[in-house]
Amino acid sequence: MSSERRFEQELPSLLDDMFMGPMPAYRDHVIQQTARTRQRPAWTFLERWLPMVDVARQPILAPRLPWRTIGLGVLLLALLVALLAALVVGSPPKLPAPFGVARTGLVAYASGGDIYTVDPVTGTGSAVVTGPATDLNPHWSRDGTRIAFERKVDGGGGASLLFAARRDGSDVVRLTSEPLQAIDDYTFSPDGKEILITAEVFGAPRVFIAEADGSGVRQLDLGVPVAYAAWRPPNGTEILFMDATDPTVGTIYAISPDGSNRRTILAATPGRNRGMVQWSPDGSRIAYGEWVDSDCCNTVHTHVMAADGTGDRILPMPTGAIWQSGSLGWSNDGTRLVVNRGYTPTGQDFQAAVVPADGSGPGVDIQYRSANCCTALEWAPDDTWILGTPEDTNGTALDQVLLDPVAGTTRTVPWKTVSDPSVQRLAP
Amino acid sequence: MDQRELVDRARRGDHDAFAELVDGALRRLDAAARLILRDPDLAQDAVQDGLIRAWRDLPGLRDPDRFDAWLHRLTVHACLDLIRRRRRRPIEVQLSPTDSTNVPDHSIAFAERDRLDAALRGLDPGHRAVVALHYLLGMPLPEVAVSLGIPYGTAKSRLHYALAAMRVRAQVGAQQETATMPGELLA
Chain A
1 MSSERRFEQE LPSLLDDMFM GPMPAYRDHV IQQTARTRQR PAWTFLERWL PMVDVARQPI
61 LAPRLPWRTI GLGVLLLALL VALLAALVVG SPPKLPAPFG VARTGLVAYA SGGDIYTVDP
121 VTGTGSAVVT GPATDLNPHW SRDGTRIAFE RKVDGGGGAS LLFAARRDGS DVVRLTSEPL
181 QAIDDYTFSP DGKEILITAE VFGAPRVFIA EADGSGVRQL DLGVPVAYAA WRPPNGTEIL
241 FMDATDPTVG TIYAISPDGS NRRTILAATP GRNRGMVQWS PDGSRIAYGE WVDSDCCNTV
301 HTHVMAADGT GDRILPMPTG AIWQSGSLGW SNDGTRLVVN RGYTPTGQDF QAAVVPADGS
361 GPGVDIQYRS ANCCTALEWA PDDTWILGTP EDTNGTALDQ VLLDPVAGTT RTVPWKTVSD
421 PSVQRLAP
Chain B
429 MDQRELVDRA RRGDHDAFAE LVDGALRRLD AAARLILRDP DLAQDAVQDG LIRAWRDLPG
489 LRDPDRFDAW LHRLTVHACL DLIRRRRRRP IEVQLSPTDS TNVPDHSIAF AERDRLDAAL
549 RGLDPGHRAV VALHYLLGMP LPEVAVSLGI PYGTAKSRLH YALAAMRVRA QVGAQQETAT
609 MPGELLA
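As you go down the protein sequences, you meet chains A and B in turn. In terms of the working numbering, the first sequence has 237 at position 237, counting the first letter as 1, and numbering is strictly consecutive. Position in the second sequence (from 1) plus 428 gives the number in the working numbering.
Partial pick of chain B residues on the chain A-facing surface, computed with a CB cut under 10 Å:
#	residue
1	454
2	459
3	463
4	471
5	479
6	591
If you are wondering where the hints come from, they were derived from the structure by calculation, not from laboratory data. Quantities reported herein were computed from a predicted structural model and do not represent experimental measurements. Using N, Cα and C, we set each Cβ at its ideal position, and we do this for glycine too.
Chain B on its own, in the form it takes in the complex (with noise of 0.2 Å):
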């Protein structure tokens, strides 16, 4: 059964349809929301909230293809009204554990990793929420705007700025952590 069909039953009530559709997307809305949140406590929290609010509401989606856009964007709402309800407990980051069967290139090094998660402790969910949408989820960038009620032009900004920070913080590690190697100290 495609997942148009999926849909089409879930909006009718299907609670067993709407279950395969969770099982389709859960991961990738948990990567997502833990992105966003730093926390997996909140992220289960807005995860949860979200696809509740999915549910309830499926049967207003006239569109069953655009199911996927409608659940990421719910997703991404509930992790932001998650984030203006507390805003006043600090959100510490804790990483899940790597799915080895998800690293297909070794280059990619434990280091690199950490500054990688450094960098986006660094920005605001907001800018967060943009990185998630379009790299993790997938969404294009106009489609990422109208997700997040932002004009085009800001969540361009907001992709570029947070690119920007990844970087810098990944080239400055790399080049601290070249000076640091024996060899150079040697040289």
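Next comes chain A alone, as it looks inside the complex (with noise of 0.2 Å):
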């Protein structure tokens, strides 16, 4: 016999040894306290109607109600709804994909030199950069959180830093060490991380890659002039950009950010050039415009092709019309196109037109009372209106209008800028 079993079958009689003892002295006591405490009636007993025998014979039955692991998950439960609201009160507002259709937020434009954001439907605005300064063109981040700007550097001959802020104007931070001449364009990388910058150096123009936090500006050596540099939707794997080489114009690249796997979308075609070049919001197709070298006004088309420069279209005009531009704008849910139109030879008077991508029809012509309407064109988050810059015919901005897709209208906008339009998106 092991030891175990020694010691298990010899426990009993260990036990009787250590605890029984003589009859307790309080026997008397509890005696005589039972005698005066009244039994129950047996009707009372809900055991005397169930056969509760039986049923405290078997090991397990009717289980009891756990009662500690309920109010144990009652308290998880509390604790849970408890966490997710102080997640959601002290979380940071959600954002919005970088591309794709989100909520209209805020306009931002320049005024005076001073940056400022106004809501588009009551027209209440604020300055959010102010200062001595002559700050001008604002662009929003793709995720509505951060604003650049360039800043004109006194007597720098037109020279411009690039800073960036938060949307409520705080937080300036410069992005350029150095000023740069001509800036031509700038946008926020998808992740929000990096800023493509356009300008030119010596004449031609570059494009640059500047740390959204201040912390460098690099140049992305393309070895040629470079034209409509555009992140590549929806994360910004590559960089498209047009060859700007005179005579051969028009090669549309495309490039890994740093600078390796350059790939040749669409080839230059001898006595045509391009221009208007734009990723559509999923990153699928490129609208760009082509025309005739020697007659660039009255034979430019607007052409949609997919992003490996296939299946390339021309997309159709309305009756009378004789010219329609590369892409102004495409709508954010990638079904539509804002494009300028022009009925008129001379290529000087021109309206703004909101065309299909697929081709399938004509598209609306968008009614504008007088002159041209519009230089600048964005389409508003949600897609329901298109921001425009109108220029008169001498070439002079006026006030800013939103256009209706659909309906084709306009109605001009309370504030007044000279600034190219930029919407703020948000979270849907």
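Taking the hints as your guide, dock the two standalone chains into a single complex.
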């Protein structure tokens, strides 16, 4: 017999030895107490009416309610609810995806050398970046949290530095260490960490990538003058650009942000020129304008092709239209383009039009009371309107207007700006 | 008069019959309560609570043959209730004097008693209740589970744990005792 088994067998007698004593002295006291206690009538016991004996002989029967577990569960649930509430209240606001339809936020614009934001619905605005410096051309980040803008350098002959600030104008960060001449364009990367800048260096447009936190700038050496540089949606894995070298202007490339993996999307065509090149919001297509080199303004047509350069097609125009520009903006849902369209051979008179990107029809002309509308156009993130800057026949910018892409109507906005429009994207 | 008849009479209000039943069970109930509570005063309170309740509710007992199990259960629950009500108060052990007539095996040394007692002290009341019901009151383990309102597996694991703890304590104590014997030191 093992020692374990022997121990277990001896245990009852061991325990008897240790704990069994003589009749407790309180025996009489207990008897007296019970004698003074009344018994409950038998009929008050539920067990009298239920087969409790049989029940009691089953080792495991109707399990008792696990009150401790239930209580613990309730407590955990309460903690979870509290945690979720804390997360909802304490978490940062939800951000929109960098591309695609989003909720429309504030319009950023420049006026009098300061940066403002305005609610396009109510017209209520406020200055966000002010001061003696001349600030202009604000551009929202894709998530709507920051604004990049130019600041003119005193005596710099048009040179500017780039800055970025939070949506309320706080946390202003200088992005470029040296002034850049003739900044053409700048856009935040989809993740908001970098800014792609096109600016002239010794008269030739070059591309730079600045860290959005101001920690540095690098030039992307593409070897050619560059136009229409843009991050590829939806995550910026490539940068689109067009070779602006004369006379081979027009080759469209894509390249990795680190300068590697250059690929030709569309080679130049002798005697023809291209411009207004834009990615679709999902990065699957590219829209551009193409014209005969010798007759730029009466021969331009809108083209759409796949991101690899295949499937090129010319979007149709309505009867009477002579020319139609390249893309001035894709709708956020990727179904339409806003372009400029001309009905006269001079190339001077034009109006905006919204055309289906699949070429299924001529689209909608935007009716503007006079002059030309518009030179700069940007879709509202919810695609309900397009913000444009009209200009008179002398090329002078007029009050901005909101274009209805469905009805083709316009209305003037209550703010005045000299800069291109930029509309904040918000989470739906 | 057998126990069944006593129970039957006590159920119908015969207090003398109940007193006889108490006399037959009290020493064992008191032992079980002291094992669980490790305090003779508390044990007395618990046993009294259990017996008063037994008397009061006896008319509800359908099967007189279940009287012992029922009474043991009431007593153990009274012990555990008492512990729940007095958790803040430390419980110290006080062994009752050994009744020599209940020590048939003279090989049981006092040292072994002390080691076993220390092991029991290290268990929590839930484990001690299983030990008391099973080894001291002779209740089968499935019935222990029902009496304590715990799953059979839990009762089994509690018993296993308690046994292991007691055995280890007993063995370690025995080895230490052996190692300190003069003969061992001279070897």
